[in-house]
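Using the sequences and the hints given, assemble the complete structure.
This is what each chain is made of:
Number of protein chains: 2
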Amino acid sequence: MQHTLLFLPDNISVSIEPEESILAAAAAAGVYIPASCGGEAVCGKCRVQVEKGEVQTTITANISQEDWLKGIRLACTSKAVSDLVIRIPESVMADGRALKCRPKSTRPISAKSIATLVGTWETAPPVRKILLDLPPPDLNDNISDMQRLLRGIKRALPDRPEPQYDHPELLRDLPFLLREANWQVTVILLHGKRLGDPETIIAVEAGDTTDRLYGLACDIGTTTVCGALIDLNSGKILAEASAYNAQIEYGTDIISRIIYSLKEGGLKALQAKVVDTLNTVIQDLCRMVTISPSDISYIMTAGNTVMAHLLLGISPKFIRESPYVPGLSLFPLTKAAALGIMAHPSVRIYLYPCVSSYVGGDIIAGVHACQIHKSRDISLFIDIGTNGEIVVGNSEWLICAACSAGPAFEGGGIRFGMRASPGAIENCHIHPENLEPMIVTIGNTPPRGICGSGLIAAVSELLATGIIDQRGKFSRELAHPRIRRSGDGWEFVLVWSHDSLTGEDISLTEIDLDNLIRAKGALFAGYQTLLASVGLTFSDLDRVILAGNFGAHIDLERAISIGLLPDLDRDRFFYLGNASLLGCRISLTDQRRFSERTEVRELMTNMELSDNPDFMNYYIAALFLPHTDMALFPSAGKSKS
Amino acid sequence: MQHTLLFLPDNISVSIEPEESILAAAAAAGVYIPASCGGEAVCGKCRVQVEKGEVQTTITANISQEDWLKGIRLACTSKAVSDLVIRIPESVMADGRALKCRPKSTRPISAKSIATLVGTWETAPPVRKILLDLPPPDLNDNISDMQRLLRGIKRALPDRPEPQYDHPELLRDLPFLLREANWQVTVILLHGKRLGDPETIIAVEAGDTTDRLYGLACDIGTTTVCGALIDLNSGKILAEASAYNAQIEYGTDIISRIIYSLKEGGLKALQAKVVDTLNTVIQDLCRMVTISPSDISYIMTAGNTVMAHLLLGISPKFIRESPYVPGLSLFPLTKAAALGIMAHPSVRIYLYPCVSSYVGGDIIAGVHACQIHKSRDISLFIDIGTNGEIVVGNSEWLICAACSAGPAFEGGGIRFGMRASPGAIENCHIHPENLEPMIVTIGNTPPRGICGSGLIAAVSELLATGIIDQRGKFSRELAHPRIRRSGDGWEFVLVWSHDSLTGEDISLTEIDLDNLIRAKGALFAGYQTLLASVGLTFSDLDRVILAGNFGAHIDLERAISIGLLPDLDRDRFFYLGNASLLGCRISLTDQRRFSERTEVRELMTNMELSDNPDFMNYYIAALFLPHTDMALFPSAGKSKS
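Residue numbers (this note's numbering), protein chains in the order written: chain S, 1 to 641; chain G, 1 to 641.
Hints listed in this document are in silico derivations from the structure and should not be mistaken for laboratory results.
Don't take each hint at face value.
Remember, identical chains collapse to one label, so a pair may be satisfied in a single copy or spanning two.
Unchecked claim - The list that follows gives simulated cross-link-like pairs (lysine to aspartate or glutamate, DMTMM-like), each with its CA atoms no further than 20 angstroms apart:
hint, residue 1, residue 2
1, K317, D614
2, K154, E608
3, K129, E162
4, K374, D611
5, K263, D173
6, K236, D377
7, K317, D138
8, K154, E602
9, K335, E169
The structure presented is a predicted model; accordingly, all values stated were derived computationally and were not measured.
Rendered as structure tokens:
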């Protein structure tokens, strides 16, 4: 249950999630609280006074009994049990001046209901079960067991063409199963490609099992494989689970995976790893709801082009070499068990088609989920991961591209960069006067490094406080112990060694800043190139849809402030979360929506940016915070003032 | 090259095949020559005088120089090099009386051209090759390799739907193959089930291989697997080969195979054996024409219901138990390699559908081959093997049944019975006066036993000479050393021990005769039951089609004389040989003819004879030579007079 939290003295009211710390809620609301250790009550700086309401907290030696009785608590280890009024004490500077906290950023615009984007869907999945009571054979009716089954299906579904069957185990087991089941069986049918196409018999089960029909939706990411187990009778999510893609052992990004795949046995090893990961997710999901993996009747997946190739055991070699040709872009419906996936031998795995070598099935699934192709409104769809994939268009046209943004937003190329996992700085504020940072980490643990959202926050704060200039260079004039020149050049120390988990200073360097600027510059140039190619500008965009885990955690104002996102009316922004998984889930549940996926792919035109001169020009112009063309960022001036 | 052979003194003219011995030609023409040893010049009895023309012969110590100069040769080791005039010397009986030879049977009616039955067929096979010259990819055209291939196919075949592909090896190899082939490839396409259905990509080969397209037609018999390698560009048979079904190790008939299949590991062992046999045939065929098994693009087979189940690894358990239900009757098009067959991984094996547990795909293929279903004429189709399968009908209806004839015609249940292999007595005459047999064996070797056609000949001769009566009992009045009573009851010695390969007397016993009478009685009762079920009699039959190896070697007059075949106008009889293999060959070559197979199966109604009271009555009445109702055999009196 959410509670309301009122921060005094600035009268800033926010809502707080049950598991959220007061520190994190304050950071999200832009309320500055001194905090260095990221949580766990180590530094003891984030003292707040509970004026009203009840908090759940950890008793700590950092607070005296006298202060405890006054309601002083550490924000990092306190959670709301009721609505709260919290006073942020004035802190005291080295020179004895009181330092008032003041809000700087608002909490990111709350995610609009995805329903407006995604629309509704029916529970009419691509697999169905029918119950048959077959008459036992006698000498006057001794057709084969399979003919008897097919005749039963025909009587149950008189208007449908005879289903297909090609599954050796089914054929082998059927005679025994029919007799053991005393001729009452449940048949699982898989829809054909098109509406009038015959269905396929997936399995036959003894007795009436019609109340149990399950499907797996799965986003196969380079980093993470996320699965959702769906009850296909109700359309409800029964369980969700995820696991790191075990291919990480052979490289963190798709390029290093491609390189590994070219080694002797590399392709096989990569395929085995992703299959292992899928099996881990399947086992976890099945354990949660006490079913067997063989109870899953359909697996609907999406992944980028390289992930799809590796899962199917197809070499991605030519994806990396100009002119960047994938082996396949439409993937055949495959028997999951044949790939080594824990599944009933006849159950099919579907992979969303890809557009090109670097715009994959995850993007098609995401666009498909949010129905850009069904609306006349012009949308910009952005999925930021190791690459940034972007799509612009509407129901009449779609144009897509991949920007080689580099892995900065996933922690790559950043000295203390890391993935969004416990210990990662995910949010920070820098006090405008004393330049002390307020550090919020994932899991409230002492900081180990900084993840993408933390990086955007930090850079935005560095820029706002004047610690860096628009080129991403440190101000040589500011004399502050955190701003220093090290072996790697200029840097800003976010966390001192005594507050960090690793025992070393955590800093941001000018090289880090340069990498981040290149990354956001590539994305921004991508938006501009796509829009310009169809004669449009940012103002023509009705919607900007942020997909991916990163998109869901981004601080919109700060992302705009550094020029990662266009400076548009905030109401036009939507956060979709894992759009690829959502697309899979919708397709798994609604056969009609599933059938519309082809429209997305057919509308979609791929644009190669790598040799595009416009892109290069836009890119050079975007290597500035937020941009060389400040007319594109009208609100930048405002936030600075 | 055939030659003409005139036998004196009876002025009987026959044609003789290059490899045929004069003895065999004489036996076929009904010209009696004393012969005991079956060939190889052992007994030295079969002396003939060459009056005109040239023979190729073996010099033998059995003929004196004087006789040699007179033109005396042994008929068993002499072949015709030119047209011949041959005089059969009078032989001398023990009492010194000259014994004149005289003809008794005419040569079996020569097989009518199968063309009249089988019709013509096109060379338009279910697989085809097309050559593609694909444009190499560049940055403006970097669709996936598979899309490029499909686009190339679409351009080559603009009116066809996009072909399917589901073959993992193809997908895996394609990127490399296209580049190695410098974008010129040959695609092998498999037709869909119906005309408008999309084709399936079987394989892609580098360069232009359109001149090489091969298919395998195969009859999978309980005893023998026969294969024919077909050039699908020309429709020509390139090679034929056969091998004993290695399942024989586990039982000679289908019932013993079913019993074995129920043992632990039995089904797997039986499947492995038939696959081994198929692989032997495939290797033999490929060696003959110097191609690789992976060059074969389609495998078209037919076998009885049990053979089909065992090949697919499906238990035939319930085939043996009333109400005799097969697991499957329509067999899915299967990837041959998945069964262990030496084949390209994507090549399909087709199995002709079966009608019932005991009327299998071999019968459908045979009926399909001779187009009974295309003619208004009423045909009786007979395939005699371990079981006898019979079909009656025309283009409007077809009715079929299996008669449990027992294996007498394949040597089963006959004391010296054996399969038609070297050393088997395949023909014999018994001299009407001295009752001495004239023995012709397969391979002209000393006799080891007697096969089906030899059995029919022997029984017919025993009946004609009065050695047995119409009940199959030996005449107790004839005093002849060959007619004797042994431990097994009465018997007739066909070959004395000194002339046999085994060194023991080869005889026919009353038990043997009883088994034969039951076998032919079951078949005849089968014909009658099917005809009566549709209100017809034998005189309504326009054609009697004899299928199977046995049918091709049968002596029509003798088969009628013992009541195995109905006594109809001899012009109505047709010999089709291996009709199942022929059906496979036609289907493999002509897609249109192939598509008509479903008509056969849909027209066909199965009749169970096992519990049919009419059948039992007909059967009892048929346990007589030729029959209790002599009105059914008008020519029986004639041949006796």
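Practice problem: Check each numbered hint from earlier against the structure, then list the numbers of those it violates in ascending order. | Solution: When the structure is compared with the hints, numbers 1, 2, 4, 6 turn out to be violated.
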